[in-house]
Amino acid sequence: MMKLNKRKKSEGSFKLKETILPASALPISIVCAAVIGLLIIFFILHNASEETAAAAYPEISAAQAILMDAETGEILYERNASSKAYPASTTKIMTALLTIETVENLKSDLTQKVKIPAEAVGVEGSSIYLSPEEPVTIEDLLYGLMLRSGNDAAVALSCIIGGTQENFIEQMNAKAKELGCKNTHFLNPSGLFDENHYTTVADMALIAQAAMKSETFKKIAGAETWQAHREPDKYNYFYNKNKVVHQYDGGNGIKIGYTKASGRTLVASAERDGQLLICVVMGAPDWFNDSYKLMDYGFSLK
Numbered sequence: 000m001m002k003l004n005k006r007k008k009s010e011g012s013f014k015l016k017e018t019i020l021p022a023s024a025l026p027i028s029i030v031c032a033a034v035i036g037l038l039i040i041f042f043i044l045h046n047a048s049e050e051t052a053a054a055a056y057p058e059i060s061a062a063q064a065i066l067m068d069a070e071t072g073e074i075l076y077e078r079n080a081s082s083k084a085y086p087a088s089t090t091k092i093m094t095a096l097l098t099i100e101t102v103e104n105l106k107s108d109l110t111q112k113v114k115i116p117a118e119a120v121g122v123e124g125s126s127i128y129l130s131p132e133e134p135v136t137i138e139d140l141l142y143g144l145m146l147r148s149g150n151d152a153a154v155a156l157s158c159i160i161g162g163t164q165e166n167f168i169e170q171m172n173a174k175a176k177e178l179g180c181k182n183t184h185f186l187n188p189s190g191l192f193d194e195n196h197y198t199t200v201a202d203m204a205l206i207a208q209a210a211m212k213s214e215t216f217k218k219i220a221g222a223e224t225w226q227a228h229r230e231p232d233k234y235n236y237f238y239n240k241n242k243v244v245h246q247y248d249g250g251n252g253i254k255i256g257y258t259k260a261s262g263r264t265l266v267a268s269a270e271r272d273g274q275l276l277i278c279v280v281m282g283a284p285d286w287f288n289d290s291y292k293l294m295d296y297g298f299s300l301k
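With numbering that gives the first Met the number 0, letter number 66 in the sequence shown gets 65, and the count goes up by one each step, no holes.
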């Protein structure tokens, strides 16, 4: 049988090797063009993402504003949050908080009647028209403070709880520091304008956050109306001036304020699906719409 010989590879045959040029061998112009192209793409994408985020923020009129998740303390939006502002009647949040804490710490009862001190009669500004020595429950004073925004109720509570207005104001400032407020100074329990009576929206959010942890405070601040237990000829029906509790879905408080010097101020809160938001706007001509827009934005993030 004939054997077939395997054909040997010719020694002259060769294998083509893949040749890869190192980057250093590429022309500098090509490398530069590639780098510049990548940088351009990066900046386009980066700016686009920033513009998209900015576009998501609502347009508001407020000079200062902040939006907080009350449970976590996370700040969802802020504008000039640490700038000095005048709180007007949002001051009464602190007045109510201190009153409730003191009464509860003393294991006393909000339905107990107290006599109205002379200092609380005829106080400037909004009023529930208290009379000297009139017996009024602390509960009625708190509702008159938060719903009707009675300055006389604020003075009455400060004298009853603190012994004197001066002592109570010291307690207000001490409580503000305890809560972590960095630029807040109270001079009165009502919020009447004074250049040395000031806060920031960031600080007021902390005060509101603490207040809304109290179920008693939350119930009072979120009430739409209240029927006081005074003599029939007295001012007994309090309607909440804070439209948030009447108009906004989930709105549950907490306080409005206004003086010519401070402008319109509003601390608002709303709860949906277990998430509680606190919104503070100051120097806000369109105070309620500003708050609604910010809280809508906050709820949309969840």
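Bear in mind the hints are in silico, worked out from the structure with no lab data behind them. Note that the structure is a prediction, hence the values are computed from the model and not measured. A portion of the hints provided could be inaccurate.
Claimed, not checked - In silico DSBU-like cross-links for lysine-lysine, where the CA-CA straight-line distance does not exceed 30 Å:
{"no.": "1", "residue 1": "K233", "residue 2": "K181"}
{"no.": "2", "residue 1": "K217", "residue 2": "K106"}
{"no.": "3", "residue 1": "K181", "residue 2": "K112"}
{"no.": "4", "residue 1": "K106", "residue 2": "K176"}
{"no.": "5", "residue 1": "K83", "residue 2": "K212"}
Claimed, not checked - Cβ-Cβ distance ranges computed for the label pairs, FRET-style:
{"no.": "6", "residue 1": "N235", "residue 2": "T163", "range": "35 to 45 Å"}
{"no.": "7", "residue 1": "P131", "residue 2": "A55", "range": "31 to 41 Å"}
{"no.": "8", "residue 1": "A62", "residue 2": "N235", "range": "36 to 46 Å"}
{"no.": "9", "residue 1": "E123", "residue 2": "K301", "range": "22 to 32 Å"}
{"no.": "10", "residue 1": "D108", "residue 2": "A55", "range": "44 to 54 Å"}
{"no.": "11", "residue 1": "E230", "residue 2": "A62", "range": "41 to 51 Å"}
{"no.": "12", "residue 1": "E73", "residue 2": "E230", "range": "42 to 52 Å"}
{"no.": "13", "residue 1": "E132", "residue 2": "D108", "range": "38 to 48 Å"}
{"no.": "14", "residue 1": "P231", "residue 2": "P131", "range": "25 to 35 Å"}
{"no.": "15", "residue 1": "D193", "residue 2": "A62", "range": "40 to 50 Å"}
{"no.": "16", "residue 1": "P231", "residue 2": "I74", "range": "23 to 33 Å"}
Just so it is clear, CB atoms sit at the ideal spot from N, CA and C, and this is done for glycine as well.
Distance restraint between K217 and K106, which requires alpha-carbon spacing of 30 Å or less: 19 Å, holds
Pair hint K83 and K212, alpha-carbon separation not exceeding 30 Å: Roughly 26 Å separates the two Cα atoms, so the pair holds.
Status of the given 40 to 50 Å range, CB of A62 versus CB of D193: 19 Å, violated
E132 paired with D108, Cβ distance criterion 38 to 48 Å: 21 Å, violated
Holds or violated: K181 to K112, with C-alpha atoms at most 30 Å apart: Given that 30 Å is the threshold and the Cα spacing comes to 36 Å, the pair is violated.
Whether the CB-CB distance between P231 and I74 falls inside 23 to 33 Å: 48 Å, violated
Status of the given 41 to 51 Å range, CB of A62 versus CB of E230: 43 Å, holds
CB-CB spacing for T163 and N235 relative to the 35 to 45 Å hint: Violated: the Cβ-Cβ distance is about 28 Å, outside 35 to 45 Å.
Holds or violated: K233 to K181, with C-alpha atoms at most 30 Å apart: 41 Å, violated
30 Å limit on alpha-carbon distance, applied to hinted pair K106 and K176: 25 Å, holds
Beta-carbon spacing of A62 to N235 - inside the hinted bounds 36 to 46 Å or not: 37 Å, holds
Status of the given 31 to 41 Å range, CB of A55 versus CB of P131: 55 Å, violated
In summary, the numbered hints that this structure violates are 1, 3, 6, 7, 9, 13, 14, 15, 16.
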